[in-house]
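Throw the hints in and build the complete structure from the sequences for me.
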Amino acid sequence: MASGKLIELPPEEAGLSASSDNFRHSGSYAERPNEENAARRDSRSTHRRVLSRHIPPLALWGALCCLAGLAVYALAIFLSIINILSWRHFALASWIVNVLWVSGFPTTVGIFLIGLDLALFLPEKRRTRRQPEPSRIGDARLTVALTAYNDEESIAAAVKDFRSHPLVARVLVVSNNSTDLTAQRAAEAGAIVFNETSQGYGACVYRCFAESLKYSADSTAIVLCEGDRTFRADDLEKLLAYQAHADVVNGTRIVEQLRAYHTQLSTFMYYGNFFAGKLLELKHLGKGTVTDVGTTYKIMTPDVLSRLLPFLNPGINMEFNAHLMDTALRENFTLVECPVTFHSRVGVSKGGNVDNWRATRVGLRMITGFLFGWRPVK
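Numbered according to my numbering, the sequence shown terminates at residue 1646, and the numbering increases by one at each position without gaps.
These are computed hints drawn from the structure, not numbers from a lab.
There could be a bad hint or two in this list.
[As the list claims (entries may be wrong)] For lysine-lysine, the following DSS-like pairs were computed, each having C-alpha atoms within a straight-line distance of at most 25 Å:
1. Lys1546 with Lys1506
2. Lys1428 with Lys1482
3. Lys1506 with Lys1428
Structure below.
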C-alpha cells in the first residue's frame, strides 16, 4: 500500500486501465447487467421515486398525534394526583374530565391516520427491491473515508486499523479545518489526506464521498466512518455481508451487547436516537427497519453513491446522517441496518454527543427535517 501524503492526489493511480471506467458494480461486485434490464430497473425506480415523493407520511403524523394525546392524558393523571394529595377531591375534577376528553381527539386522529397509511399506501411502499442472495466478500476492494476534526489522539490508530485490513485498498481522511496535528498524524499513518475548508460535519462527509468517488474505478465499495476509534475495521465483513441486500448498509449501535459500557452515547441519547429512528421508519413505512439515525459507519457501492450524492445537502450539519438516510429512502434506495460494535471514543467529543442538551437540539432538528424538509443550519 502506498504511504500517506498530505496532498490533493489525482483520482488515477498507477496500474489502472481506462477500460475500468466501464466496469459497473452491483451487490455481487462483478455483475454486468444488460442494458434492457438496467433500463427497466431504472424506469421502475423512477416511478417509485415519484410515488414516494407524493405519498404523505400519514403513519408518521399519526404517531405524533398519538404521542400528543398520550402527553395530554399524562397531564390529566398528574392533575388527578395533585387533586388527591390536596384532599380536595372535587376541586380539579371538572378540569381533569375536560383534559381527558381533549386527549382523545389527537389520539383518535392519530389512529385513523396510521390505519389509513396501512390500508392504502403500505402495499406500494413495500414494493422495494429484494435481494436475498449472499454477497461475495472475497471479491471486495474497499475505499475507506474517515471524517476528522481535531482527532490528533486517535486518527493514526484509526488509519492503521483500516489500512491493515486485507480488503481495504486505501484510506482517505478529510480533516475539517482541524487546528491540531490531525492531518499530519493521518498522513504519517498512511492515509491520503484532504482538508475541507467549509466548517460542519455535513460538508466533511460530502467531501469524503466526493473524494472517494474519484477511486471508483477500482473500488467495489465505499465505506464512511470517523477517525475517533468508536468503530473498527473488524466490522467490515459484517457490513459487506449485508451489502448484497441493500443499496446502503447503515451500522447500528443499538444492540446493547455490542456497545462498550462507557461511551459518549448517554442513556438519554441512546433512547432519543432510537425514538428518532422509529419516526423515520414510520415516515417510510414498509421500506425497512430503522433503529439508529446518528451512526457514522456505513457502506455503499460507487454506483449507488454517485446517484445518491446529488440529492444530499452538505450544508446540513450534525444531523447529516439522518438526512442521508431520509433522502436515500425518499429516493427509493434500499437501506438495511447492520449491528456493529461501538467503542469508547479516543479524545474529546466535538459532535452532537457533547451533552444531553446539545443532543436534544440535534434530535429536534432531525425531527424537523423528517417533517418539513432539510435546511442548512445558519
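Now the hints, each set against the structure:
The suggested pairing of Lys1546 with Lys1506 holds, with an alpha-carbon distance near 23 Å, which does not exceed 25 Å. Annotation: proposed proximity of Lys1428 to Lys1482 holds, straight-line Cα distance about 22 Å (limit 25 Å). Annotation: proposed proximity of Lys1506 to Lys1428 holds, straight-line Cα distance about 19 Å (limit 25 Å).
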